[in-house]
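Visitor: Sequence:
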Amino acid sequence: MKNKEHTRQVRDTVVKKFKAGFGYKKISKALNIPRSTVQAIILKWKEYQTTANLPSPGRPSKLSAHTRRRLIRDAAKRPMITLDELQRSTAEVGDSVHRTTILHKSGLYGRVARRKPFLKDIHKKCCLKFATSHLGDTPNMWKKVLWSDETKIELFGNNAKRYVWRKSNTAEHTIPTVKHGGGSIMVWACFSSAGTGKMVKIDGKMDGAKYRTILEENLMESAKDLRLGRRFVFQQDNDPKHKAKSTMEWFKNKHIQVLEWPSQSPDLNPIENLWKELKTAVHKCSPSNLTELELFCKEEWEKMSVSRCAKLIETYPKRLTAVIAAKGGTTKY
1 MKNKEHTRQV RDTVVKKFKA GFGYKKISKA LNIPRSTVQA IILKWKEYQT
51 TANLPSPGRP SKLSAHTRRR LIRDAAKRPM ITLDELQRST AEVGDSVHRT
101 TILHKSGLYG RVARRKPFLK DIHKKCCLKF ATSHLGDTPN MWKKVLWSDE
151 TKIELFGNNA KRYVWRKSNT AEHTIPTVKH GGGSIMVWAC FSSAGTGKMV
201 KIDGKMDGAK YRTILEENLM ESAKDLRLGR RFVFQQDNDP KHKAKSTMEW
251 FKNKHIQVLE WPSQSPDLNP IENLWKELKT AVHKCSPSNL TELELFCKEE
301 WEKMSVSRCA KLIETYPKRL TAVIAAKGGT TKY
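Counted from 1, the sequence shown has number 107 at position 107 by UniProt numbering; the numbering is strictly sequential.
By construction, these hints were calculated from the structure, which means they are not laboratory data. Backbone N, C-alpha and C fix where the C-beta goes; we use that ideal spot for every residue, glycine too. Fair warning: there could be bad hints in the mix.
Per label pair, the in silico range of CB-to-CB distance [what the hints assert, rightly or not]: (1) Ile202 / Thr280: 15 to 23 Å; (2) Lys318 / Arg73: 26 to 34 Å; (3) Ala325 / Gln9: 52 to 60 Å; (4) Ser246 / Arg73: 50 to 58 Å; (5) Lys303 / Ile202: 46 to 54 Å; (6) Pro34 / Lys311: 54 to 62 Å; (7) Ser64 / Lys303: 35 to 43 Å; (8) Ala325 / Ala244: 58 to 66 Å; (9) Lys327 / Lys245: 31 to 39 Å; (10) Lys25 / Ala91: 41 to 49 Å; (11) Lys311 / Lys243: 29 to 37 Å; (12) Lys210 / Gly183: 20 to 28 Å; (13) Lys4 / Arg69: 52 to 60 Å.
Can you make the complete structure from the sequences, with help from the hints?
Guide: Rendered as structure tokens:
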């Protein structure tokens, strides 16, 4: 509970004695008030030139400092704790507060947990090695890369979401996932700093032969449309059909350089950002069937701005720096 406030007359007397040359200790003894109180009154007078009560910034907090620290500790230990559980925790120590009061002033907000691949130590080590070895690459090198990936796009929105407590712009407390989880399609696409390349719907189960057909029909044409030149670098992940002997021989025969890529590293691939934006845009179109879903996917992919693609590649060194800072672990990207 807040201590009783001293009267304006007492505060004025403190300042008067200070002006007369008295020290904190003598003023405290003369007026029988704590030395810390004397100091607070004088400091306030020095800053605002008044001893009057200043306008309050708002309603006083219902949470004590002790309770607030306890809540932050609970949220840090159990990031998926619910608001009801936190509310019961405050009730146990005698504080009753509204649900939204609990953590917002401490910088913690309910956010949907990002879904990230489960990373073993070997994955982190490989990601760190990649980021370290490529940190010094020139901007022109990254402009020559044609990035690719496959993704599943659902007809009626994303998979179930899980809220967690975390500070803004952080990647803490993610949900581990495995590759590719009815109403959905699988697509392959590519892009570079010059814009988006071809997008292809994958019919049936993808295998090595089907993947090579997609490359044969779309890879070189995309590189030509994006004016990457003959010495461009192709990026793909380490999916077995991507790394199959027949596929690697196809690249060799076509004289296409393939970027060495660490496993389980979507944070390193900027196409993941475009996937997220694509899915948001497609779901705003509200497709009612898979035919419409495919149509909207291709339309929205073509609408991706060149400036957005260029920005993703321009800031790629920052992505590498973030991976190094996380020691190969999950980042905000």
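Visitor: Each of the hints needs a verdict: does it hold here or not?
Guide: Now the hints, each set against the structure:
About 21 Å separates the C-beta atoms of isoleucine 202 and threonine 280, a value consistent with the hinted range of 15 to 23 Å. For lysine 318 paired with arginine 73, a C-beta distance near 32 Å keeps the hint of 26 to 34 Å intact. Separated by about 57 Å at the C-beta atoms, alanine 325 and glutamine 9 satisfy the suggested range of 52 to 60 Å. Between serine 246 and arginine 73 the beta carbon distance is about 55 Å. The supplied range of 50 to 58 Å therefore holds.
The hinted range of 46 to 54 Å is not satisfied by lysine 303 and isoleucine 202, whose Cβ atoms lie roughly 21 Å apart. Hint check: proline 34 to lysine 311, Cβ distance near 58 Å, so the stated range 54 to 62 Å holds. Judged by the Cβ atoms, the range 35 to 43 Å given for serine 64 and lysine 303 is violated: they are separated by roughly 52 Å. At roughly 34 Å, the beta carbons of alanine 325 and alanine 244 sit outside the given window of 58 to 66 Å.
A C-beta distance of roughly 33 Å is found between lysine 327 and lysine 245, which places it inside the suggested range of 31 to 39 Å. Taking the beta carbon of each, lysine 25 and alanine 91 are about 44 Å apart, inside 41 to 49 Å as hinted. Between lysine 311 and lysine 243 the beta carbon distance is about 30 Å. The supplied range of 29 to 37 Å therefore holds. The hinted window of 20 to 28 Å between lysine 210 and glycine 183 holds, with their beta carbons roughly 22 Å apart.
Here the CB-CB span from lysine 4 to arginine 69 is close to 26 Å, at odds with the stated 52 to 60 Å.
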